[in-house]
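Read top to bottom, the protein sequences are chains F and E.
So for the first sequence, my numbering puts the first residue at 1; every next one is plus one.
So for the second sequence, my numbering puts the first residue at 339; every next one is plus one.
Be a bit skeptical, because a hint or two may be false.
Pair ranges (Cβ atoms, derived) [what the hints assert, rightly or not]:
id, chain 1, residue 1, chain 2, residue 2, range
1, E, 474, F, 207, 12 to 22 Å
2, E, 462, F, 270, 47 to 57 Å
3, E, 414, F, 270, 23 to 33 Å
These stretches of chain E come out as covered by chain F in the derived footprint (C-beta under 8 Å, 3 or more residues) [to be verified]:
id, stretch
4, 456-467
5, 504-514
6, 521-532
7, 573-580
8, 624-631
9, 654-668
FYI, nobody ran anything at the bench for these hints, they're computed from the structure.
For each residue, glycine too, the CB sits at the ideal point set by N, CA and C.
2 protein chains.
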Amino acid sequence: MSSGGAHETERDGSDGRTGSRPRGHVRLRPGDRVAVIAPSGPVDPDRLAAGCEVLRGLGLDVALGKHVRDRVNLNEDRAVRDGWYRLAGTDADRAADLTDAWCDPSVRAVLCARGGYGATRLLDHLDWTALAAATGPEPKILHGSSDITALHVAFGARLGITTSFGPMSASQIVAAPAPHEDGAEALAGLRAALFGSGTIEVPGTSVVRAGHAEGPLTGGTLSLLTALLGTPHAPPPAAGKIVFLEDVTEEPYRLDRMLTQLLQSGWLEGAAGIALGSFHDCGDPDEALAVLTARLAPLGVPVLAGLPAGHGPRQLTLELGAPAVLDTGARHLLGGTG
Amino acid sequence: MSSGGAHETERDGSDGRTGSRPRGHVRLRPGDRVAVIAPSGPVDPDRLAAGCEVLRGLGLDVALGKHVRDRVNLNEDRAVRDGWYRLAGTDADRAADLTDAWCDPSVRAVLCARGGYGATRLLDHLDWTALAAATGPEPKILHGSSDITALHVAFGARLGITTSFGPMSASQIVAAPAPHEDGAEALAGLRAALFGSGTIEVPGTSVVRAGHAEGPLTGGTLSLLTALLGTPHAPPPAAGKIVFLEDVTEEPYRLDRMLTQLLQSGWLEGAAGIALGSFHDCGDPDEALAVLTARLAPLGVPVLAGLPAGHGPRQLTLELGAPAVLDTGARHLLGGTG
Numbered sequence: 001m002s003s004g005g006a007h008e009t010e011r012d013g014s015d016g017r018t019g020s021r022p023r024g025h026v027r028l029r030p031g032d033r034v035a036v037i038a039p040s041g042p043v044d045p046d047r048l049a050a051g052c053e054v055l056r057g058l059g060l061d062v063a064l065g066k067h068v069r070d071r072v073n074l075n076e077d078r079a080v081r082d083g084w085y086r087l088a089g090t091d092a093d094r095a096a097d098l099t100d101a102w103c104d105p106s107v108r109a110v111l112c113a114r115g116g117y118g119a120t121r122l123l124d125h126l127d128w129t130a131l132a133a134a135t136g137p138e139p140k141i142l143h144g145s146s147d148i149t150a151l152h153v154a155f156g157a158r159l160g161i162t163t164s165f166g167p168m169s170a171s172q173i174v175a176a177p178a179p180h181e182d183g184a185e186a187l188a189g190l191r192a193a194l195f196g197s198g199t200i201e202v203p204g205t206s207v208v209r210a211g212h213a214e215g216p217l218t219g220g221t222l223s224l225l226t227a228l229l230g231t232p233h234a235p236p237p238a239a240g241k242i243v244f245l246e247d248v249t250e251e252p253y254r255l256d257r258m259l260t261q262l263l264q265s266g267w268l269e270g271a272a273g274i275a276l277g278s279f280h281d282c283g284d285p286d287e288a289l290a291v292l293t294a295r296l297a298p299l300g301v302p303v304l305a306g307l308p309a310g311h312g313p314r315q316l317t318l319e320l321g322a323p324a325v326l327d328t329g330a331r332h333l334l335g336g337t338g
Numbered sequence: 339m340s341s342g343g344a345h346e347t348e349r350d351g352s353d354g355r356t357g358s359r360p361r362g363h364v365r366l367r368p369g370d371r372v373a374v375i376a377p378s379g380p381v382d383p384d385r386l387a388a389g390c391e392v393l394r395g396l397g398l399d400v401a402l403g404k405h406v407r408d409r410v411n412l413n414e415d416r417a418v419r420d421g422w423y424r425l426a427g428t429d430a431d432r433a434a435d436l437t438d439a440w441c442d443p444s445v446r447a448v449l450c451a452r453g454g455y456g457a458t459r460l461l462d463h464l465d466w467t468a469l470a471a472a473t474g475p476e477p478k479i480l481h482g483s484s485d486i487t488a489l490h491v492a493f494g495a496r497l498g499i500t501t502s503f504g505p506m507s508a509s510q511i512v513a514a515p516a517p518h519e520d521g522a523e524a525l526a527g528l529r530a531a532l533f534g535s536g537t538i539e540v541p542g543t544s545v546v547r548a549g550h551a552e553g554p555l556t557g558g559t560l561s562l563l564t565a566l567l568g569t570p571h572a573p574p575p576a577a578g579k580i581v582f583l584e585d586v587t588e589e590p591y592r593l594d595r596m597l598t599q600l601l602q603s604g605w606l607e608g609a610a611g612i613a614l615g616s617f618h619d620c621g622d623p624d625e626a627l628a629v630l631t632a633r634l635a636p637l638g639v640p641v642l643a644g645l646p647a648g649h650g651p652r653q654l655t656l657e658l659g660a661p662a663v664l665d666t667g668a669r670h671l672l673g674g675t676g
């Protein structure tokens, strides 16, 4: 691939090391090659095919990871009972697909087909020297959400780049949206994030604590952030940053326990603001919001809830690591420009 | 209360500081006063009453914590919707009940009525100077399980004492055992742990990795151990210890994620052996055991599964911090002597 045009120039003077401002990722152009991989759970073949068609519809040249159709159980065994397939291949194979895609100079974006479970297992299998060596001044895009939060944290911290959090190609809302899902909006958001270089506006619905905040965007899926605490893969402190949080199928007491752990870990100390996405199937929505409010409002920074990002029927795409503005007066989060 | 008889003598020369051998707790005698408190979820009044009757049947003088019947939501608000009561009082009130009981010289054991959720929140509200000052050469008993794991870890690490992990007075198996539950065995185990000074044998059903190991017993409910990682309340390393693990309503992928986090945190490095209790309602039991096997057998130490301790229909009582022997040939864990 070409090493890029004017619209892909590095956006700051960062050297990519942790603590400095992350380098914004490239923007795609029609015809660009993207690699679709499955770093977590096994992918339904029909969904995979439908998602690739959607990506081709965006003008992209889609390459598939070697192991994207693999499926094994948590014991990394292929000969298992029905219903025990939880991973899209062994940890080593999924790590190889990710590394191969990231290190292939013809690939401009690595798109995760789906989440599920397994990304935290992958972290011990990645060759960060090789991944860093393949991360040039115009970093390629890593795109995914949910379980992929573990990769966002690792790529952001270790490679000093922004990454793209949003609906995945083989997820229902992209590949086969249900009537209650806004598939068109999700696809438009994905297109804007991958191809566009402008600001993305993400509206919120509920002001938990009023105010205006600016800082790089961090965070992701709450249960994945807490699953990294106490490990070498723990997220760097959120001080000075706007923290995005969302989750799915976590009861209010689990949300409270995870927020308690984040708070006790000190991770949220000095955060500039909190942007809350969807908490889909997390019990009574009012109780979930009450829990989020009780734990986060005392931080004393702006908190905006109800952003259409995460696992809900509306899924916009966010650029983690990129500068963002949270404004509860305007009821929105602005970000997306790397 | 008396400062104790011959059977309560300190069992080693420990000064109670972290790293030294924990001091074994006292053994109760008929007529001893015990305090029943609720550090986590709200207690059903009928269950509370039935559980207290059971304790009186053991010859104990039962005192109730001031807030044991309180109930508030996770926002610490009393005026909430039905079904939102998750805590037996505010964090400050639950912490006060625990501190008052521990510091009352007439109380010889602090028995948690039930688990549920809320113990990790309590940890920031406890006055460890006061609790340590009230911990004499013959430490009283702290008894509970499940969510109370957070208190076991804290009391063991900060006060240098053994604690008692087993069925709680207002839990179903003690207060109103269902037909499928072995209430008689649970009560006998509780009695032996509270009053006895001999060795308790806990049989296992499945040898995951053969061998013989000795060391102090540590661990508890897996999800609580992981909820402490990365915080000031994280459990001290399990090196040289026998690790007991159990859980309830955690799907196999969640078990795997938690074990991955424990492993990545380094907590399990150098563990002497692993004793697995019940993993009740954790999906397909065979899959749960396969997950436990895949993650723990590579540690290279003895692993015995199927111990009747935790949330299942059989619930023996274990003494955390006390010397233990794990022998897969004999298929048992021996412990309980402080």
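Hint by hint, here is what the structure shows:
1. The hint said 12 to 22 Å for the Cβ distance between residue 474(E) and residue 207(F), and at roughly 52 Å that hint is violated.
2. With their beta carbons about 18 Å apart, residue 462(E) and residue 270(F) fall outside the hinted range of 47 to 57 Å.
3. Separation of residue 414(E) from residue 270(F) is about 25 Å and conforms to the stated range, judged on CB atoms against 23 to 33 Å.
4. Given a C-beta distance limit of less than 8 Å, the hint that chain F covers the stretch 456-467 of chain E holds, as 4 residues qualify and 3 suffice.
5. With 0 residues carrying a beta carbon less than 8 Å from a beta carbon of chain F, the stretch 504-514 of chain E misses the three-residue requirement, and the given coverage is violated.
6. Here the stretch 521-532 of chain E counts 0 residues with a CB under 8 Å from a CB of chain F, which misses the bar of 3, and the coverage is violated.
7. Beta-carbon proximity to chain F at under 8 Å applies to 0 residues in the stretch 573-580 of chain E; the threshold of 3 is not reached and the given coverage is violated.
8. Note: the stretch 624-631 of chain E has 5 residues with beta-carbon separation from chain F under 8 Å; the three-residue rule is met and the coverage holds.
9. Taking a C-beta to C-beta cut-off of 8 Å, the stretch 654-668 of chain E contributes 0 residues in contact with chain F, too few for the three needed, and the coverage statement is violated.
Comparing the model with each numbered hint stated earlier shows that hints 1, 2, 5, 6, 7 and 9 do not hold.
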